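J.: Please model the entire structure based on the sequences and the hints provided.
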Amino acid sequence: MFFIEVIFAFFITISFAILFNVRGKLIIYSGIGGAISWLFYLLFTKEGYSYSTCYLLATAITAFYSEIMAKRLQTTVPTLLIAALIPMAPGGGVYYTMLYLIQNKYQDSMLKGMETSIIAGSMALGIILVTTFFRIFHLTKK
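The opening position of the sequence shown corresponds to residue -8 in our numbering, with each subsequent residue numbered one higher.
By construction, these hints were calculated from the structure, which means they are not laboratory data.
Hints may contain errors.
Below, a list of computed lysine-lysine pairs in the DSSO-like style, where the Cα atoms sit at most 27 Å apart [what the hints assert, rightly or not]: (1) Lys96 <-> Lys16; (2) Lys133 <-> Lys62; (3) Lys16 <-> Lys62.
Distance ranges between label pairs, derived from CB positions [said to hold, decoys possible]: (4) Gly39 <-> Gly112: 18 to 28 Å; (5) Leu92 <-> Phe124: 34 to 44 Å; (6) Asn12 <-> Leu102: 31 to 41 Å.
Because the structure is a prediction, the values reported are computed rather than measured.
Beta carbons: idealized from backbone N, C-alpha and C, even for Gly.
T.: Written out as C-alpha cells, the structure reads:
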C-alpha cells in the first residue's frame, strides 16, 4: 500500500511542479522530493508518532533533500521544496474547518481548525530548522 501512495505522491508533485513552471529535469527532482515527503510521513505515522511530529519530521527531511539537491543542481531551494510539500499540504483540514463552520458545528470547526494550524506550524518549523542549519553551516564554512 505504501508503494502505491508514494508513486501517486510522485506524480501529483510532478503535476504541481508543471503548474508552478518548474522546468526541465527539476520536475523529476521535485517529484522525487514529493515521494520522499509522503514516504516519511507514512513511515512516521505507522510508527505511532503524533500528527504534528510526523509533519515536522517529514517536512524537515524534505527540506534537507531540497537544500542538498538545490546545491547540486544549482537552483533555488523553493523551486524544489514548494512542489515537494504539496502531498502533505493540509488542504483537507481547511476544507473541513469551513464545512463545519457553515454547518454551524462550531466545536468541530474549532478542533479541525486548530489541528490544521498545528500541522501547518509543524511544517513551517521543519523548514525553518533545516534552512537555519544550512545557513549556519555555510556561514561557518566560509
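J.: Each hint should be assessed against the structure and marked as holding or not.
T.: How the hints compare with the structure:
no., hint, result
1, Lys96 <-> Lys16, "violated (46 Å)"
2, Lys133 <-> Lys62, "holds (16 Å)"
3, Lys16 <-> Lys62, "holds (14 Å)"
4, Gly39 <-> Gly112: 18 to 28 Å, "holds (21 Å)"
5, Leu92 <-> Phe124: 34 to 44 Å, "holds (38 Å)"
6, Asn12 <-> Leu102: 31 to 41 Å, "holds (37 Å)"
The earlier numbered hint that this structure contradicts is number 1, and it is the only one.
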